[in-house]
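Please model the complete structure; the sequences and the hints are all you need to start from.
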Amino acid sequence: MKNSLAALLILAGSVAASAAVATPGNLVLGFRAETGTTGESNNVVIDLGALSSIITDTRNTYDLSGASSILSTTYGTNWFNRTDLYYGVIANDSYEINGGDDLYQSFASTRLTNSASVTLDPISVYTAQPTFQQFALNNSSTALSSGTISGATRGGGFLTSDYLVLDSADSASWTTLSVGGWGGLFAESQDNPVTSFTSSTNSLGIYTAAGGLNNFNQTIPAAVYIESGYLVVVPEPSTYMLLALSGVALLYIARRKRA
Numbered sequence: 215m216k217n218s219l220a221a222l223l224i225l226a227g228s229v230a231a232s233a234a235v236a237t238p239g240n241l242v243l244g245f246r247a248e249t250g251t252t253g254e255s256n257n258v259v260i261d262l263g264a265l266s267s268i269i270t271d272t273r274n275t276y277d278l279s280g281a282s283s284i285l286s287t288t289y290g291t292n293w294f295n296r297t298d299l300y301y302g303v304i305a306n307d308s309y310e311i312n313g314g315d316d317l318y319q320s321f322a323s324t325r326l327t328n329s330a331s332v333t334l335d336p337i338s339v340y341t342a343q344p345t346f347q348q349f350a351l352n353n354s355s356t357a358l359s360s361g362t363i364s365g366a367t368r369g370g371g372f373l374t375s376d377y378l379v380l381d382s383a384d385s386a387s388w389t390t391l392s393v394g395g396w397g398g399l400f401a402e403s404q405d406n407p408v409t410s411f412t413s414s415t416n417s418l419g420i421y422t423a424a425g426g427l428n429n430f431n432q433t434i435p436a437a438v439y440i441e442s443g444y445l446v447v448v449p450e451p452s453t454y455m456l457l458a459l460s461g462v463a464l465l466y467i468a469r470r471k472r473a
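The sequence shown begins at 215 in the working numbering and counts up by one.
Please keep in mind that the hints were generated in silico from the structure rather than gathered at the bench. Mixed in with the good hints, there may be bad ones.
Claimed, not checked - Computed spacing ranges between beta-carbons, pair by pair:
#1 367 - 315: 40 to 46 Å
#2 252 - 413: 37 to 43 Å
#3 249 - 295: 18 to 24 Å
#4 291 - 255: 16 to 22 Å
The beta-carbon is built from N, C-alpha and C at its ideal position, and this holds for glycine as well.
In structure tokens form, the structure reads like this:
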């Protein structure tokens, strides 16, 4: 698959050459259904592309409302009205800086009900990297199925986005890793019911932060919402300016000293 899920979470030098490696740091959106409900055994994950592309464009829109869409065939034609279906976004990238003395990291995630500050030890993101690496190894060869979403647009032009369907019980699935708090970064899953954020004025913030040891910035440059079967990812100043007041802290830079 041209832009495999491994594009999302490449960790500097840590993913084997045999993995399907593409652009680090892509946003991946995942869906999971509650146990005992339609689609519980499958996760759908969609490569949303680079955050920089979303910021510079008007919006990314994905028409997933049709009966033949991957979400409809997995979770039912009225999937966007379900109260037992959850979605969220995750992304990670890292590489050495300052001659290898420091580790630059960028991290993005949606937050549970757009909740406020997350207190993490500075080493937490660094120690969670094996979790991101594990998730990144999902690709079209290991997935239950894969394909391309049609009916997607970016800033008025055509957009191609890839998806994977994962076994939710697998150790590298969205369900397993999300419910597990992404390597212990969070006390609970950070994905939200698809019925919770349904308009541009009621959207789910994509929290990001990036930088080096002593110089990093925290922002909420984009938001996502689901409206009548359409997934929309858009720069949302009115949303993130308000949410920024909550003092969200998602990324910490861990310094790695060479011996």
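Worksheet entry | residue 249 paired with residue 295, Cβ distance criterion 18 to 24 Å | Because 19 Å falls inside the window, the suggested range holds.
Worksheet item: CB of residue 252 to CB of residue 413, is that within 37 to 43 Å?
Response: violated, 25 Å
Worksheet item: Regarding residue 367 and residue 315, is the given constraint of 40 to 46 Å on their beta-carbon distance met?
Response: Taking Cβ atoms as reference, residue 367 and residue 315 lie about 43 Å apart, which means the hint holds.
Worksheet entry | Range agreement (Cβ of residue 255 with Cβ of residue 291, hint 16 to 22 Å) | Because 18 Å falls inside the window, the suggested range holds.
Going through the hint list in order, the structure does not satisfy hint 2, though it satisfies all others.
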